[in-house]
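Here is what each chain is made of, one letter per residue.
Protein chains: 4
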Amino acid sequence: MIIVMQEGASRREIEDVEREIVEMGYKPHPIYGVERTVIGAIGDERGKALLQQLETSPGVERVIPILKPYKLAGRELKKEKTKIEVGPGVIFGGKMVPVIAGPCSVEGLDQICETADAVKKAGAKALRGGAYKPRTSPYSFQGLEEDGLKMLAEAKARTGLPIVTEIMKESVLDLIVQYTDVLQIGARNTQNFDLLKAVGQTNTPVLLKRGIATTIKEWLMSAEYVMSQGNMNVILCERGIRTFETATRNTLDLSVIPVLKHETHLPVVIDPSHGTGHWQYVEDMALAAVAAGADGLMIEVHPNPHEAWSDGGQSLTPATFEKLMKRMKLVAEAVGREI
Amino acid sequence: MIIVMQEGASRREIEDVEREIVEMGYKPHPIYGVERTVIGAIGDERGKALLQQLETSPGVERVIPILKPYKLAGRELKKEKTKIEVGPGVIFGGKMVPVIAGPCSVEGLDQICETADAVKKAGAKALRGGAYKPRTSPYSFQGLEEDGLKMLAEAKARTGLPIVTEIMKESVLDLIVQYTDVLQIGARNTQNFDLLKAVGQTNTPVLLKRGIATTIKEWLMSAEYVMSQGNMNVILCERGIRTFETATRNTLDLSVIPVLKHETHLPVVIDPSHGTGHWQYVEDMALAAVAAGADGLMIEVHPNPHEAWSDGGQSLTPATFEKLMKRMKLVAEAVGREI
Amino acid sequence: MIIVMQEGASRREIEDVEREIVEMGYKPHPIYGVERTVIGAIGDERGKALLQQLETSPGVERVIPILKPYKLAGRELKKEKTKIEVGPGVIFGGKMVPVIAGPCSVEGLDQICETADAVKKAGAKALRGGAYKPRTSPYSFQGLEEDGLKMLAEAKARTGLPIVTEIMKESVLDLIVQYTDVLQIGARNTQNFDLLKAVGQTNTPVLLKRGIATTIKEWLMSAEYVMSQGNMNVILCERGIRTFETATRNTLDLSVIPVLKHETHLPVVIDPSHGTGHWQYVEDMALAAVAAGADGLMIEVHPNPHEAWSDGGQSLTPATFEKLMKRMKLVAEAVGREI
Amino acid sequence: MIIVMQEGASRREIEDVEREIVEMGYKPHPIYGVERTVIGAIGDERGKALLQQLETSPGVERVIPILKPYKLAGRELKKEKTKIEVGPGVIFGGKMVPVIAGPCSVEGLDQICETADAVKKAGAKALRGGAYKPRTSPYSFQGLEEDGLKMLAEAKARTGLPIVTEIMKESVLDLIVQYTDVLQIGARNTQNFDLLKAVGQTNTPVLLKRGIATTIKEWLMSAEYVMSQGNMNVILCERGIRTFETATRNTLDLSVIPVLKHETHLPVVIDPSHGTGHWQYVEDMALAAVAAGADGLMIEVHPNPHEAWSDGGQSLTPATFEKLMKRMKLVAEAVGREI
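Protein chains in written order, with this note's numbering: chain A, 1 to 339; chain B, 1 to 339; chain C, 1 to 339; chain D, 1 to 339.
Only chain A is shown next, with the shape it has when bound in the complex:
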């Protein structure tokens, strides 16, 4: 870390800070500038929060971290990309770009099976569907819960597609783990640290959505929470951030793809359905995600969006999805990937 002293900090204040640096287990290295002194603190700062505290020491202006705050999620200590297999041959992090598709909510056995058949036929590699639903209003449909999980299991038995479903609370973790191949952490729980620790103690791959106002650094720290408990199978999923623009439901931040390639070895999935909030915009953004190098996509498909119990406005029909898949395959080839 670098400690920047205030202009006019006294010799005494500088020495006190140096002493504190030593007490915290680092080696101080002062640079006396024309107007200010800055002190380098040498040592591995990753995973330590203590030095930040020096900001309250007399004479200190600010403390600047040099190393990344994440260890397990970072690219510094693990160079090669992580590959995560969520079903037979369905691998995130390799040349293949698996597409996860399905309805926002499981609404019934027919609905989920019909969707599963359709998306499989179009080339999807995994099935999504919510049994527990986070809804802004307490008066909205909250999910079919365990019944929904059972319907997902039937759809899987029928199609072979691995299942991705959301977990919102620890108390149903043991139940959900029995039914799902990937545990999805939604955008409202990206910093629900107790939930992150809980899923970190399972062996099930975790799809960790970015919160609507989570920085990339914080998002990787949330991945670190899961990984620090032993579960290294974390798939990151960008689903749009909140900005001033209201023409789209969220602003899909595709630049996370190159940034994360640089910062982490974990695979990155893009969700253009939540990212835009309008089915008309999904196609262009899905193609863009593939071209930018996404390791997977997550797309909402409903047999009859107009009658969906949630998020109908951002769901594709099976026919539109099939058409999109064909176009995505062409783009994937153009950038050396396959779908």
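One thing to keep in mind: the hints can contain errors.
One copy or any two copies: either way a pair holds, since identical chains are not told apart in the list.
[Said to hold, decoys possible] Think about it this way: if two alpha-carbon atoms lie no more than 20 Å apart in a straight line, the pair counts; the simulated SDA-like pairs of lysine to any residue are:
| hint | residue 1 | residue 2 |
| --- | --- | --- |
| 1 | Lys326 | Arg337 |
| 2 | Lys120 | Lys326 |
| 3 | Lys68 | Ala9 |
| 4 | Lys78 | Glu263 |
Read the hints as simulated data drawn from the structure, not as lab findings.
Add chains B, C and D to chain A, keeping to what the hints say.
For chains B, C and D alone, coordinates are given in the frame of chain A:
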């Protein structure tokens, strides 16, 4: 609700939408404009999500809600301000502006008791202190947990100050409820709907922080979650939102005070410590909050901020806090309130 | 427009509003709901601001516009896409996706000619280069001004590439128009309305960048300013918006591509160099832009980024640019376009 | 500046960077850490942009500035607060908190004189009124221009109130300077650098509004533009920033008051009318601004807001303004200021 049809929507499409409106239990009322038709849907739309779905109907451009989505939290159905007593004579929502003060984290018995004594002497009406801590990094201090709760209980026994402490997960709710007078929901859990439902089933007042990217409307919907379970004692707490500005840790949005006065009957507390993230800025923003009409304040105080285990940089010393209290009392008088 | 009356608005207040609507040239159409009255105002509201004023009338809660505020820029009155030819065969808005490339600033004759040769060879269709530079600091390099324009002219004479250069003030408009094929309005001047009117009175195509906090609606209103003066040749250019994320210099909002396709007939160009601020991220975002359906790209290229006088960190070398062009061509083909 | 080298940067790369630092006129000072080398560059970096360029050097990860980028606007080189007298005894930056009041736009002689009389009677110390108006739509009222300036002059002759009016383009600077006591730079022109340079060459005090997405650092750099031309009389004016919240027109960032006290010697004025966009919210925010230590306020007052040609919804009536002034005086006294 108002349904705006697309330019050139066909007579057939308009009739279909009218039929759907009737099926959903509303009365349709079309207005044929020069370029577009808009259809009013008459009926109580509060607590219903269904009409939004019409956005996916052929020929519909968009659906505009007219009534507020919240019922119990809104000012429409309850005009008079809610008063919430959290300890003998400590009332949020009346003429008094109670100040909640204390450290970010409970770090030990001496620390919490020393702080409790000091803030009580300066005029604080409640004691805050975290026993379970949400931290961005899994490597940071996570709280003393039950031991911390016991220390808070001792500080209360000693000073009579009611306790405000954070709850992060349902599994410790029964435990925390035994020790605390107010359950704090932190900014990362504002939309943790299961947790909101759980605290809604207790009788303990809830201090509901606004999330860093939660709109006022969503925040009130989170209050609605708690209230819909039967617990009407919700205190709203603004603690800064995330914006592009980095000179402060967050941007404290004081304009929630007049907006919430208009929208809700629930009391509003301001937290200038998290709102600014720098102790040097706390004083000015605390005075501003009182002048703007806040129903309470929440301020971090630590006997030795430099040695705090978390958030030292935004904590006041007991001496600075005492000076601030004196100034706040003068401002409170100037606007017809008392501290 | 729809005027929503307050709950409990009196008969008298409703009648007053109806009378005002008539006076403003619209036809009022009230709907009496269970709790509220809403009044439709029938008539062409485009280009009128007057009705918004009703928000200050007694008993009125809010006024909701139904039609878009833009006329000339909107897709409602002009369905077919606008094609803008900025040089022989260089057309924005058709099947071709022209790439504009060049340095941030013109720094000298050799620099600009060397760059022009290189980008032409790689397939760029226009040359960018700033002679007047908007810089955050008054102590930074401010551009070579007229000398820079002359150098651009030489580069054009040599390569045939049409020129795109920025205009920051009306007083040099006559000068710049002599040298450039496209007048660029930078992100800081998106709402410099006097400048927009001035360029609107020329015949030169205008490349209008989106401001860092300009909504799509405001951006189209800025295009409307130019068009309302008679110049219909407006090319929109997304270059990133300001959000809370700091890993990238701005957040490149690629979802403007599908949104603008729906809202306007004007072509859309993407600038991934300013959009990300790091040359390492430009390639992925450029490929994404092509896949999403951009009508053009604008990319910073410098013969020696390390010695650039401005924005070196986001510039590609000629070699990297050439490699990118090859990849972009493949993606363009995959989505039915050509570069 | 601090140059952070990449993990694994070679000895050669480090030496090259050191050589470049010397060539740029600084003294390099390397610190060899466990995983990384960081190099301090000693010398006065203010007003220099060159070192940032090192970010493109091989082996460099990032460059961190230590000193503030502003010299003249900063508190480091001028400790005492700047006092700016804009009319006889009307001083910004002292104990007095002058209130600037008046309509958004000058609409006629009667309107501006009636407002001037009313706000003077209530205690305002300066009159605002726009003669040149920046409007989002080209179809909205654009101001009375020179006629408006003449009406302001009559209102001044009548009341003695100094005038604050907006300048949007250099070509009318000579004209406006004859009529106004303070040149207002609006939020859309905060980074119109040519305009800043132009007003910097006059002797007239400048009220520089913060742009809707301008950081405090950039805002101070814009003040630096004015000051670097010789005009030291810059008054900063916060008027709300753009965030995700839509309940208010903008989010009024009152925390700029303590931040700017720390960063600059220039006085700070708060505009709660644009800051909130709703007259109902102006009172609370005006009181808050005074309590937080603002050096002045700017408030929209119109004799008949309902008939205002612009921004009627955020204007106070003379009666409401008078009541507010009384309350503001009490709060000013409570914090040791006077209005």
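Within, between, both or neither, where lysine 120 and lysine 326 count as close if Cα-Cα is 20 Å or less: within (13 Å within a copy, 33 Å between copies)
Identical-chain pair category, lysine 68 with alanine 9, by Cα at 20 Å: Result: close only across copies, 17 Å inter versus 28 Å intra.
20 Å Cα threshold - placement of arginine 337 relative to lysine 326: both (14 Å within a copy, 16 Å between copies)
Status of glutamate 263 relative to lysine 78 across identical chains (alpha carbons, at most 20 Å): So lysine 78 and glutamate 263 pass the 20 Å test inside one copy only (10 Å; across, 42 Å).
Consistency note: the structure conflicts with none of the earlier hints.
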